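Q: Sequence:
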Amino acid sequence: MTAAQWRNLPLKRVAEIMPSNVDKHSVEGEIPVRLCNYVDVYNNDRIDDSIDFMSATASEAQVARFTLKAQDVLVTKDSEEPSDIGIPAYVPQDMPGVVCGYHLAVLRPDLRRVHGGFLSWALQSAEVQAYYETAATGISRYALGISDLGMTPLHLPELREQTRIANFLDEKTARIDALIGEKQRLDALLGEYRSSLISSAVTGQVDVSAETMVPKTEKWDEPITDCQLKHLASMKSGESISSDEIIQDGPYPVRDGPQFLDTSLGDYLPLQ
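Residue numbers (my numbering): 1 to 272.
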């Protein structure tokens, strides 16, 4: 089946949509549960036992309806920004005792028609996210109505192809995430090295005359004198210039605060 032959269906045709009403409170007489909250879904692509769920209670009816089952997809249904709504997380296995919390909806797929893993990936597509941003309503906080959620546009291949696509994305995105994590680790190490190098150089602990800078084993011949910066350089605050006073392409460059924080400019600000 080619992509042109995939079925175009709204979410409500292939999944039950259940907005949760389970809050964070513990009520005497209710059933103790572990509660899967908004942040658990927002911060994780998958919901599993590696997450430290909070303790709460729920009624018998809530436990029966909102206990997480294999191939469920949980989705955020409100946010401070319409562009940051409808964030999904996949439940790969049954999770007895774990209940979906408030501000979330459980999407329970018809497993004869849609694979939960594929559904979770589909909800992250640019098309679906653009739909959610348009459908969300609110002023200071935005929400997706259940009817709008039900009309989420989906393009569905046959079930075996859905499973293959879900497995493919699981593998490829895991590799990408690992590379991102390694890059962040290296960035942090380089940042630490940069700070250490500066501190070492300006305190005489690095021989800057050598072709390759190495830590000095002896102290500077000349004593290091402590003094205040004001005795070495004059200091002046920047001028307050309104945007109306700035001449585009004028002869004098203007540098503002954010440019001093932009590390992409290097250690120096260009004159032009």
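These are computed hints drawn from the structure, not numbers from a lab.
Don't take every hint at face value.
Stated by the list, open to error - Here are the simulated EDC-like pairs of lysine to aspartate or glutamate, each with C-alpha atoms no more than 20 Å apart in a straight line:
| id | residue 1 | residue 2 |
| --- | --- | --- |
| 1 | K69 | D84 |
| 2 | K69 | D45 |
| 3 | K183 | E171 |
| 4 | K12 | E133 |
| 5 | K172 | E182 |
| 6 | K12 | D110 |
| 7 | K172 | D45 |
| 8 | K12 | E28 |
| 9 | K12 | D148 |
| 10 | K69 | D40 |
| 11 | K24 | D78 |
| 12 | K69 | E16 |
Please read all numbers here as calculations on a predicted model, not as lab measurements.
Q: Run every hint past the structure and note whether it holds.
A: Now for the hints, and whether the structure bears them out:
Only pairs whose Cα atoms come within 20 Å are accepted, and K69 paired with D84 is rejected, the gap being roughly 25 Å. Under the criterion of a C-alpha separation no larger than 20 Å, the hint pairing K69 with D45 is consistent with the structure, at around 16 Å. For the hint linking K183 to E171, the alpha-carbon distance of about 19 Å falls within 20 Å, and the restraint holds. For the suggested pair K12 and E133, the alpha carbons sit about 18 Å apart, so the restraint of at most 20 Å is met.
Proximity of K172 to E182 is assessed by CA-CA distance (about 16 Å); at most 20 Å being required, the pair is judged to hold. Between K12 and D110 the CA atoms are separated by roughly 10 Å; this keeps the pair inside 20 Å, and the hint holds. Distance check on the hinted pair: K172 and D45 sit about 14 Å apart at the alpha-carbon level, within 20 Å; holds. Simply put, K12 and E28 have alpha-carbon atoms about 36 Å apart, too far for the 20 Å limit, and the pair is violated.
About 10 Å separates the Cα atoms of K12 and D148, which keeps this hinted pair within 20 Å; it holds. Under the criterion of a C-alpha separation no larger than 20 Å, the hint pairing K69 with D40 is consistent with the structure, at around 16 Å. Restraint check for K24 and D78: satisfied, since their Cα atoms lie roughly 17 Å apart, inside the 20 Å limit. At roughly 13 Å between alpha-carbon atoms, K69 and E16 fall within 20 Å of each other, so this suggested pair holds.
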